[in-house]
Amino acid sequence: MVMTEEQARVRQQTKRILNRFGRRRGNLVPILQKVQGEIGYLPREAMLEIAEFLDMPEIDVYGVVTFYNQFRLNPPGKHSVRVCLGTACHMKGGYITLDAWKRRLGIDRGQTSPDREFDLDTVACVGCCVMAPVTVVDDKPQGKVAPTKVDGILLSFKLEKERQGEESR
Amino acid sequence: MKTVSLTIDGKRVKAHEGEKVLWAALDNGIYVPNLCTLRDNSEPSAACRLCFVEVEGKKQPVPACTETIEQGMVVNTKGPGALRLARTALELLLASHPVDCAHCPSSGSCELQKIAAHLGVKLKTRRFRKLLRELLVDSSSPVFIYDPNKCVLCGRCVWVCRERLGIGVLGFAHRGFERVVTTFGDGPIAESKCRDCGECVVACPTGALTFKDKQGTVKSAHKERVETETTQ
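Here the protein sequences come in this chain order: A and B.
Per this note's numbering, the first sequence starts with residue 1, numbered consecutively.
Per this note's numbering, the second sequence starts with residue 1, numbered consecutively.
To be clear, the hints were calculated from the coordinates, so they are not data collected in a lab.
Since we're looking at a predicted model, the values are computed, not measured.
Don't take each hint at face value.
[As the list claims (entries may be wrong)] Simulated pairs of lysine-lysine, BS3-like, Cα-Cα distance not exceeding 27 Å:
| no. | chain 1 | residue 1 | chain 2 | residue 2 |
| --- | --- | --- | --- | --- |
| 1 | A | Lys102 | A | Lys78 |
| 2 | B | Lys193 | A | Lys15 |
| 3 | A | Lys102 | B | Lys130 |
| 4 | A | Lys92 | B | Lys130 |
Make a model of the complete structure from these sequences and hints.
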């Protein structure tokens with residue numbers, strides 16, 4: 001299999017990070033955190049490299065990555081969308097909001113849109129339940145997010161992008 | 001090796017020192033439901049919660065697969081407390097299992113059927129809401145078919161592939177209800193480092209892993225399983 005430039009870069013970057021760690025299995029989570037901190041997510045090649053370094057089955061690295069919420073398998077998008085599914089948001093239809101985001105962005109939770117503009121995920125309460133159902137867009141909590149508001153938020157991003165495009169021209 | 005004598009269900013039995021209650025019972029013809037352990041696994045995970053037995057002197061039922069036998073121990077495999085736990089565990093497993101026995105190649109050799117009959121639990125249980133996972137079947141391997149919907153996450157195949165054979169293709173991934181036995185990156189088995197030995201199929205207690213026959217269709221794993229059990 002021919003390695004793409006990006007894959008080769010990921011391998012090198014991971015190797016450089018691994019140099020700072022011992023080959024103990026207990027280092028798996030700290031290594032994953034460090035690699036994600038630098039690359040932004042955990043690409044396939046990085047996980048393979050880590051598995052080889054720690055001499056453990058590749059599936060075990062994958063198992064840990066998919067177990068913990070903090071690890072992501074997709075590159076982060078330019079804007080992050082976090083739909084709250086805490087108790088209050090759940091009762092106020094958080095799943096309907098999530099479905100609206102999924103439909104509009106054409107992606108599932110934990111995924112990034114093909115143009116790498118948005119990544120979608122869920123959170124389990126962000127602490128502003130009076131505003132339920134909440135969606136945190138780029139670290140800014142948006143309250144009472146009905147499907148129509150999803151369209152509104154996306155439209156504002158679209159308009160902003162068009163404006164930026166005109167300014168740079 | 002020293003032998004230890006104990007009583008299981010009122011029957012005086014002898015077993016090797018250090019043996020677990022589960023194997024002592026099975027070796028003496030006393031069936032105790034079990035899914036997640038294999039005899040050569042020295043560190044049973046006690047994950048399936050089906051082998052509960054009551055031991056005289058202990059307040060709570062204990063898993064037979066992790067309980068080491070002791071001289072003069074009195075074990076009751078039919079205690080109401082133990083059976084209640086085992087029945088609930090089985091009903092929870094069946095609540096997210098297709099129970100499509102009529103079309104399943106493992107029907108007749110399936111441990112779930114055997115355990116349900118032993119515990120007096122109906123396969124179509126009504127106690128819990130049915131919740132199926134609807135995962136894709138992987139038939140990429142030339143030797144076997146993997147249907148994750150029928151998997152009970154006992155981990156036998158994972159243990160065999162990793163510990164007994166040292167290959168380590170299979171493992172657990174994802175969390176909670178989405179947890180599955182899978183390969184790296186959830187890829188097809190044919191694209192993994194699988195050597196098509198089929199040992200995982202032999203280990204599988206359900207219809208999740210079944211052999212293909214020469215025409216590439218599904219065949220019962222029953223024969224293979226019986227053969228390996230008698231050669232041990």
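ask   = Hey, Lys102(A) versus Lys78(A), does the alpha-carbon distance stay inside 27 Å?
value = This hinted pair holds, its Cα atoms lying about 17 Å apart.
query = Holds or violated: are the alpha carbons of Lys102(A) and Lys130(B) at most 27 Å from each other?
reply = Between Lys102(A) and Lys130(B) the Cα gap is close to 26 Å, so the pair holds against 27 Å.
inquiry  = Tell me if the straight-line CA distance from Lys92(A) to Lys130(B) falls inside 27 Å.
reply    = holds (25 Å)
task = Assess, step by step, whether the Cα of Lys193(B) is no farther than 27 Å from the Cα of Lys15(A), and give holds or violated.
result = Between Lys193(B) and Lys15(A) the Cα gap is close to 23 Å, so the pair holds against 27 Å.
Consistency note: the structure conflicts with none of the earlier hints.
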